[in-house]
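Which chain is which? The protein sequence lines are V, U and E, in order.
If you're matching positions, the first sequence starts at 1 in UniProt numbering and goes up one per residue.
If you're matching positions, the second sequence starts at 1 in UniProt numbering and goes up one per residue.
If you're matching positions, the third sequence starts at 1 in UniProt numbering and goes up one per residue.
A hint or two may mislead.
Note that the list lumps identical chains together, so a pair holds whenever it fits in one copy or between two copies.
Cross-link-like lysine-lysine pairs, in silico, BS3-like; alpha carbons within 27 Å at most [what the hints assert, rightly or not]:
{"no.": "1", "residue 1": "387", "residue 2": "270"}
{"no.": "2", "residue 1": "270", "residue 2": "42"}
{"no.": "3", "residue 1": "207", "residue 2": "355"}
{"no.": "4", "residue 1": "127", "residue 2": "149"}
{"no.": "5", "residue 1": "207", "residue 2": "50"}
{"no.": "6", "residue 1": "149", "residue 2": "84"}
{"no.": "7", "residue 1": "207", "residue 2": "85"}
{"no.": "8", "residue 1": "42", "residue 2": "355"}
{"no.": "9", "residue 1": "355", "residue 2": "149"}
{"no.": "10", "residue 1": "127", "residue 2": "355"}
{"no.": "11", "residue 1": "270", "residue 2": "85"}
Just so you know, these hints were derived from the structure itself, not from any lab.
It should be emphasised that the depicted structure is a prediction, and the values quoted were computed from it without experimental measurement.
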Amino acid sequence: MTLTENLTVDPSILEPAGESISDSLVRTLPGHAYSSPEVFAKEQEHLFEKMWLCVARSSDIAKPGDFQTVQVGSENLIISRNRKKEARAFFNVCRHRGAKVCSAESGEGARSFQCPYHAWTYDLDGKLIAAPNLTKMPDIGREEYGLRKAHVREWLGYVWVSLAEEAPSFEETVMGAVRSRLGDIEQIEHYDIDNLQVGRRITYDVKANWKLIVENFMECYHCATIHPELTEVLPEFADGLAAQYFVGHGAEFGEGISGFTVDGSEGVEKIPGVTDDQDRRYYAVTIRPNVFVNLVPDHVIFHRMIPLAPDHTIVVCDWLYLPSVIESGVDLSKSIELFHRVNLQDFDACELCQKATDSRAYAQGGVLVPSEHHIADFQNWAADAIKG
Amino acid sequence: MTLTENLTVDPSILEPAGESISDSLVRTLPGHAYSSPEVFAKEQEHLFEKMWLCVARSSDIAKPGDFQTVQVGSENLIISRNRKKEARAFFNVCRHRGAKVCSAESGEGARSFQCPYHAWTYDLDGKLIAAPNLTKMPDIGREEYGLRKAHVREWLGYVWVSLAEEAPSFEETVMGAVRSRLGDIEQIEHYDIDNLQVGRRITYDVKANWKLIVENFMECYHCATIHPELTEVLPEFADGLAAQYFVGHGAEFGEGISGFTVDGSEGVEKIPGVTDDQDRRYYAVTIRPNVFVNLVPDHVIFHRMIPLAPDHTIVVCDWLYLPSVIESGVDLSKSIELFHRVNLQDFDACELCQKATDSRAYAQGGVLVPSEHHIADFQNWAADAIKG
Amino acid sequence: MTLTENLTVDPSILEPAGESISDSLVRTLPGHAYSSPEVFAKEQEHLFEKMWLCVARSSDIAKPGDFQTVQVGSENLIISRNRKKEARAFFNVCRHRGAKVCSAESGEGARSFQCPYHAWTYDLDGKLIAAPNLTKMPDIGREEYGLRKAHVREWLGYVWVSLAEEAPSFEETVMGAVRSRLGDIEQIEHYDIDNLQVGRRITYDVKANWKLIVENFMECYHCATIHPELTEVLPEFADGLAAQYFVGHGAEFGEGISGFTVDGSEGVEKIPGVTDDQDRRYYAVTIRPNVFVNLVPDHVIFHRMIPLAPDHTIVVCDWLYLPSVIESGVDLSKSIELFHRVNLQDFDACELCQKATDSRAYAQGGVLVPSEHHIADFQNWAADAIKG
Numbered sequence: 001m002t003l004t005e006n007l008t009v010d011p012s013i014l015e016p017a018g019e020s021i022s023d024s025l026v027r028t029l030p031g032h033a034y035s036s037p038e039v040f041a042k043e044q045e046h047l048f049e050k051m052w053l054c055v056a057r058s059s060d061i062a063k064p065g066d067f068q069t070v071q072v073g074s075e076n077l078i079i080s081r082n083r084k085k086e087a088r089a090f091f092n093v094c095r096h097r098g099a100k101v102c103s104a105e106s107g108e109g110a111r112s113f114q115c116p117y118h119a120w121t122y123d124l125d126g127k128l129i130a131a132p133n134l135t136k137m138p139d140i141g142r143e144e145y146g147l148r149k150a151h152v153r154e155w156l157g158y159v160w161v162s163l164a165e166e167a168p169s170f171e172e173t174v175m176g177a178v179r180s181r182l183g184d185i186e187q188i189e190h191y192d193i194d195n196l197q198v199g200r201r202i203t204y205d206v207k208a209n210w211k212l213i214v215e216n217f218m219e220c221y222h223c224a225t226i227h228p229e230l231t232e233v234l235p236e237f238a239d240g241l242a243a244q245y246f247v248g249h250g251a252e253f254g255e256g257i258s259g260f261t262v263d264g265s266e267g268v269e270k271i272p273g274v275t276d277d278q279d280r281r282y283y284a285v286t287i288r289p290n291v292f293v294n295l296v297p298d299h300v301i302f303h304r305m306i307p308l309a310p311d312h313t314i315v316v317c318d319w320l321y322l323p324s325v326i327e328s329g330v331d332l333s334k335s336i337e338l339f340h341r342v343n344l345q346d347f348d349a350c351e352l353c354q355k356a357t358d359s360r361a362y363a364q365g366g367v368l369v370p371s372e373h374h375i376a377d378f379q380n381w382a383a384d385a386i387k388g
Numbered sequence: 001m002t003l004t005e006n007l008t009v010d011p012s013i014l015e016p017a018g019e020s021i022s023d024s025l026v027r028t029l030p031g032h033a034y035s036s037p038e039v040f041a042k043e044q045e046h047l048f049e050k051m052w053l054c055v056a057r058s059s060d061i062a063k064p065g066d067f068q069t070v071q072v073g074s075e076n077l078i079i080s081r082n083r084k085k086e087a088r089a090f091f092n093v094c095r096h097r098g099a100k101v102c103s104a105e106s107g108e109g110a111r112s113f114q115c116p117y118h119a120w121t122y123d124l125d126g127k128l129i130a131a132p133n134l135t136k137m138p139d140i141g142r143e144e145y146g147l148r149k150a151h152v153r154e155w156l157g158y159v160w161v162s163l164a165e166e167a168p169s170f171e172e173t174v175m176g177a178v179r180s181r182l183g184d185i186e187q188i189e190h191y192d193i194d195n196l197q198v199g200r201r202i203t204y205d206v207k208a209n210w211k212l213i214v215e216n217f218m219e220c221y222h223c224a225t226i227h228p229e230l231t232e233v234l235p236e237f238a239d240g241l242a243a244q245y246f247v248g249h250g251a252e253f254g255e256g257i258s259g260f261t262v263d264g265s266e267g268v269e270k271i272p273g274v275t276d277d278q279d280r281r282y283y284a285v286t287i288r289p290n291v292f293v294n295l296v297p298d299h300v301i302f303h304r305m306i307p308l309a310p311d312h313t314i315v316v317c318d319w320l321y322l323p324s325v326i327e328s329g330v331d332l333s334k335s336i337e338l339f340h341r342v343n344l345q346d347f348d349a350c351e352l353c354q355k356a357t358d359s360r361a362y363a364q365g366g367v368l369v370p371s372e373h374h375i376a377d378f379q380n381w382a383a384d385a386i387k388g
Numbered sequence: 001m002t003l004t005e006n007l008t009v010d011p012s013i014l015e016p017a018g019e020s021i022s023d024s025l026v027r028t029l030p031g032h033a034y035s036s037p038e039v040f041a042k043e044q045e046h047l048f049e050k051m052w053l054c055v056a057r058s059s060d061i062a063k064p065g066d067f068q069t070v071q072v073g074s075e076n077l078i079i080s081r082n083r084k085k086e087a088r089a090f091f092n093v094c095r096h097r098g099a100k101v102c103s104a105e106s107g108e109g110a111r112s113f114q115c116p117y118h119a120w121t122y123d124l125d126g127k128l129i130a131a132p133n134l135t136k137m138p139d140i141g142r143e144e145y146g147l148r149k150a151h152v153r154e155w156l157g158y159v160w161v162s163l164a165e166e167a168p169s170f171e172e173t174v175m176g177a178v179r180s181r182l183g184d185i186e187q188i189e190h191y192d193i194d195n196l197q198v199g200r201r202i203t204y205d206v207k208a209n210w211k212l213i214v215e216n217f218m219e220c221y222h223c224a225t226i227h228p229e230l231t232e233v234l235p236e237f238a239d240g241l242a243a244q245y246f247v248g249h250g251a252e253f254g255e256g257i258s259g260f261t262v263d264g265s266e267g268v269e270k271i272p273g274v275t276d277d278q279d280r281r282y283y284a285v286t287i288r289p290n291v292f293v294n295l296v297p298d299h300v301i302f303h304r305m306i307p308l309a310p311d312h313t314i315v316v317c318d319w320l321y322l323p324s325v326i327e328s329g330v331d332l333s334k335s336i337e338l339f340h341r342v343n344l345q346d347f348d349a350c351e352l353c354q355k356a357t358d359s360r361a362y363a364q365g366g367v368l369v370p371s372e373h374h375i376a377d378f379q380n381w382a383a384d385a386i387k388g
């Protein structure tokens with residue numbers, strides 16, 4: 001009898017995935033890629049605290065002075081809108097003695113941010129505008145001692161931030177991911193995501209590594225086993241081929257399916273810009289490292305992840321519809337229920353995988369079948385990114 | 001005034017115990033042997049994931065397809081019985097993407113084990129027998145991609161496993177421990193433990209290191225202080241000499257004691273094979289690293305330990321009786337109550353010791369009095385075992 | 001845009017505070033001084049397990065055999081009074097096998113301390129006086145195997161201990177701190193703290209580093225922002241200058257303020273020894289590392305801290321009054337309420353600071369304004385102390 005040898009490697013070095021074992025099988029990352037605190041710390045540093053991350057819906061901070069406090073990697077940030085209605089992102093740390101400036105999760109119409117400890121006060125662009133005895137200390141630069149800033153962009157009606165000194169190119173990374181998947185940017189613009197409204201938001205607390213969640217989203221070999229409702233609506237998913245596999249391809253609704261709903265019944269009003277080619281089709285897009293977008297003719301399902309620990313990830317999922325649909329008060333529960341079930345089914349599976357990541361039986365990882373081979377690219381991208 | 005110096009040693013190196021201090025006293029292991037995560041990790045690797053461990057009662061998996069999932073060191077295993085009624089032990093990790101195959105703690109009559117993620121399916125010998133599209137992937141070896149196996153044996157009506165590449169000799173280690181204690185194997189066979197039935201199982205959650213529990217079981221210097229009921233039944237225990245001290249010796253019931261019960265009242269039907277020499281006597285046997293067996297004429301008390309952390313151990317205790325006794329429905333509460341009280345008294349004491357293991361006042365450990373000197377052998381065995 | 005670089009330093013080395021940035025600003029300690037487990041472990045070793053720490057009110061162990069078990073650094077101690085009414089401090093660890101001797105938090109009139117495991121028994125001076133078979137083991141020294149002792153002193157009606165091999169000079173450290181602040185020791189003796197009685201004790205559980213609590217106590221730049229009641233009673237605090245800044249200076253009660261109460265109303269009977277100079281004044285004294293004393297004409301507020309983790313500190317606060325005041329049953333709630341509110345306001349602020357100590361935006365620390373510059377002395381003292 002032969003058991004796997006014990007793993008005795010530098011926990012922050014990951015063997016590359018994708019090595020060919022046989023015609024059908026290639027290797028995954030080793031188990032410790034999903035459980036090691038060292039690997040996770042490097043991912044926070046090199047991925048989540050450097051890349052463009054989606055952190056809020058733009059409408060969550062609709063007006064000047066509206067704000068949210070959000071977690072980005074290991075940092076807490078204030079996301080707000082200034083008087084010119086521009087989005088701004090600040091480290092939530094007073095420049096004086098380091099108190100957390102905003103404890104609230106969100107708020108509306110703030111005129112400034114005042115530290116609750118010594119009342120150092122910052123305007124909506126982060127500039128220091130008041131403090132006890134500040135006029136007696138003219139050598140304190142108001143900009144120099146303003147709140148520290150992060151890079152910020154808005155796109156698709158979402159706020160994206162980067163904590164990098166020099167932010168990577170938004171066009172190449174975020175927009176590039178959409179372009180690679182759909183062929184060109186226009187394909188997503190047809191859905192007019194900026195102007196859709198949130199019909200429902202559900203936040204999931206998942207006891208699994210963020211990469212397991214990405215990998216799950218990238219393949220459909222599991223669909224026949226765990227997604228009965230989804231494969232009913234998209235019969236080609238029952239064969240295990242993920243739509244993301246082919247550039248520009250969208251999975252077609254089955255015959256007799258009227259809409260992207262839990263029982264295949266009629267959906268709601270179609271988004272006007274959606275083309276005939278896009279009608280009756282489902283498109284899934286992964287924007288590394290933390291976003292999944294799902295496009296169907298009458299709504300958009302937008303996931304963003306917040307990794308908290310090697311084995312703990314928050315996923316926030318928005319269901320977006322036309323404003324006219326939201327205003328009409330029409331029942332959305334059947335379209336929400338479909339992907340809510342898919343989410344629960346997927347996150348359960350990811351949690352089952354997490355439990356075995358530190359077993360010696362998974363020390364060298366597992367295997368990918370042909371319909372999963374493209375996952376190795378993601379795995380190697382993640383492993384390479386933390387070498388820097 | 002002189003206090004003990006601070007401990008500044010490699011936390012995984014343990015000074016040998018047993019060094020003589022004076023006629024009466026020899027040293028114990030240092031305190032960190034019981035609190036250090038490094039020491040515990042080495043014990044898991046070198047002891048609990050290599051030696052033969054008792055993990056289940058054979059009757060817990062009586063029929064083909066019955067199974068239990070059990071913790072062995074840091075690993076989760078499926079223990080089950082195949083169609084030939086042979087016990088089998090598998091790592092509970094799918095060979096495909098690493099999901100936990102069985103989430104249930106136990107089950108009956110399974111025909112196969114199917115991974116809930118992508119439906120890879122294994123038979124009761126662990127062989128891969130089905131998976132989506134498996135017929136299109138003929139290069140996947142059904143044995144090669146079967147569940148990883150652990151060594152398994154059955155003895156005394158219990159299932160024992162070893163995760164070692166090459167399992168140690170069962171005859172030398174497990175049976176050898178019994179032989180050293182009782183003189184020969186026949187002595188335990190008289191109790192026909194294979195064919196006894198579980199009258200009661202109690203699981204204890206102990207906030208103490210597993211070695212403190214072993215050491216407690218090995219000495220009786222504490223008996224007069226904490227075990228009033230036990231010393232009433234076994235008066236020689238009041239003198240502090242543990243029965244395990246002498247090969248073949250069993251502690252004799254006191255005059256006026258009719259049975260091994262909480263009040264010394266009559267027990268139940270005697271086990272037929274018990275000899276006259278063994279009658280009215282109590283024998284305790286330690287089988288390193290995780291089993292204690294207690295033999296009395298009418299029942300057997302069988303403890304097995306599952307260490308979870310340096311300061312956390314699960315102890316499962318079975319009270320075993322003749323099938324005819326169990327079937328008769330006779331009241332067993334007085335015999336169960338005796339050792340249940342002993343267990344609670346012992347585990348309380350172990351928890352009090354655990355609290356001081358990281359004090360500077362115990363950095364160099366404590367002392368063993370003459371009736372405890374044999375504990376140093378166990379301590380040095382444990383310390384030596386993790387050097388490998 | 002420029003963000004702060006990542007911190008990549010030995011976590012146990014702290015850059016000195018106090019470096020001048022501009023006329024108004026000097027640097028604080030870096031953020032990791034408040035969050036690093038390595039720094040905290042060194043502080044426990046070099047400060048809390050070496051210096052004189054206040055651990056109990058003398059009246060908590062009024063009579064021979066009264067005892068308390070208390071946490072000192074990482075150690076648990078028994079504080080008790082022997083037959084000569086002298087305070088004694090013992091490590092709460094049996095010399096035999098290391099069990100915790102006393103599990104109770106406190107008790108009265110004990111004649112000895114008996115280990116619950118094997119009944120080793122120690123008298124009120126810690127000497128081993130009994131054990132099973134002890135008479136058969138004459139080579140066991142009764143003093144040598146007595147409970148390990150810590151240094152102990154009583155002053156101001158409190159019990160102070162030091163776990164150092166050689167205790168530092170009590171006169172230079174504890175009494176020296178009072179002398180430096182008030183000018184001479186007589187100034188505190190006027191309050192006759194030994195003979196006051198505890199009118200109220202409140203224990204606070206603070207999720208902040210102990211140094212943040214000290215620093216907060218040392219400055220009043222925050223008073224105008226968070227202490228409306230206190231600045232009403234002591235108007236000079238609204239200007240942000242802490243009374244501790246000037247040797248011998250006490251902050252004067254405002255006009256129209258009758259007593260040190262939450263609404264400025266009349267207090268209780270004045271302590272007879274308080275001089276005219278001290279009347280209608282508030283004095284605050286910091287005794288490093290764990291005591292703050294607050295003196296007002298009719299009572300004394302005495303804080304002591306017990307650090308449990310980098311981000312967790314227990315603070316025990318006693319309000320002390322003349323015995324005649326306590327006996328009279330007069331309502332004390334207005335004087336207690338004032339500093340209870342101050343405590344809650346301060347500890348909230350400290351918790352807000354704790355949250356940002358591991359942000360990259362506070363990696364190099366913050367800044368001190370002129371009325372806070374003296375905090376840098378405390379910070380450098382703490383940083384220097386752990387170098388040893």
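* Which hint numbers doesn't this structure obey? -> 1, 2, 7, 11
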